[in-house]
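For this one, chain A is given, so just place chain B on it according to the hints.
Chains as they are written, first to last, in our numbering: chain A, 1 to 249; chain B, 1001 to 1086.
Derived from the structure by calculation, the hints contain no laboratory data. Remember, it's a predicted structure, so these values are computed and weren't measured experimentally. We put the beta carbon where it would ideally sit given N, CA and C, even for glycine. The reader is advised that the hints may include incorrect statements.
Unchecked claim - With the Cβ distance kept under 7 angstroms, some of the chain A side facing chain B (calculated, not the full set): (1) L39; (2) V46; (3) I47; (4) P48.
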Amino acid sequence: MKRLRAIGIYLTCLSATFYVAYNLTEIILYLAFSISCFLLGITLIVIPYEEREVAFLKGLTYLVYDFYADIEKLLKEFNVNGKGIYTPVDFSESRSVRVLIPIKGASYDNVSLDRDIGLVYVSGEDIFVNLVPIGFTLIRTFEKEGVITGLELSELSVQDILSKCLVDLLEVCSSVNTALIGKRLTVTLDNPIKEFYELTKLYPRATNSLGSLYASIIASIVSYTVKGNVRVVEEEFHRKRAVVRLEII
Amino acid sequence: MNKVTIYVMLTLTLFCITTTMLYYVGERRIDVYFSLYLLIYMITTEIVLPVKRKYRKYVNVIIGVLFAIFLVIVARRVMEILGWKI
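Isolated chain A (complex conformation) (with noise of 0.2 angstroms):
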């Protein structure tokens, strides 16, 4: 966009100078010329054109706002506000991760879920809205194509994963920083796309639950990766980062 604005700029200006040039010498080639370069120059920099990538990311940003609308009604209507845990599950033939939400006095300390059952997972008393989390497809695009697979917890593991999946795969920011202490891991993102931080605002009870997009597919990765749950402890939106706290249960 703003290299075809100054295409047009650097046309209109030639124009100009042709113009010029045909004043002094009165040669007819000139001022065609002009004409020219006018006629592109000022196209170029009167009509608003969006590249194509720009366009898709602002429908892509509005399909996500419609998934989040969506958990909103669905928790709404269990009446249910708890914090998520992302659980791997086994298939038959992959793995994939789940998110699990408690509904009334649901403790998920060792909650865990053999296979991909409905909506509404019962584990003992417990009784939990069992969803496919913001990152499912990515996983399993990233499953087949290798970049994910089961490794040890550590910082720099974690940090080369989400790197491969976030920054060179997404692009939905510009670096990935993780520190770890004990079972809990910090993610920082940097330059994040920041159409999604509206999120928290307008559907409080899905970002909760589930965590913002960034979360969903943080959490939904380490979840794989590790083999184990995952909880969105805290978020942070600045205008340059973004800050993701997470559990490891």
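Relative to the frame of chain A, chain B by itself:
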């Protein structure tokens, strides 16, 4: 190469070819150059330039202004042929 780049390259190339050929055949009337530029501009803009529907009005304004200039040129030429003085 995206569509806008193709549009800029194509339009500039056609403008250059037209200018060179007209100058080569000895054409010195600027209204002839302008008319051909307008023709090329309208064709390439309609066919190649990827303008979204909501921005279409901007293109229409530019084409409208250029077409008005073209009508003035034609009117002047007709008046010249008919021997009317402006």
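Q) Checking against the hints above, which ones are violated? A) none
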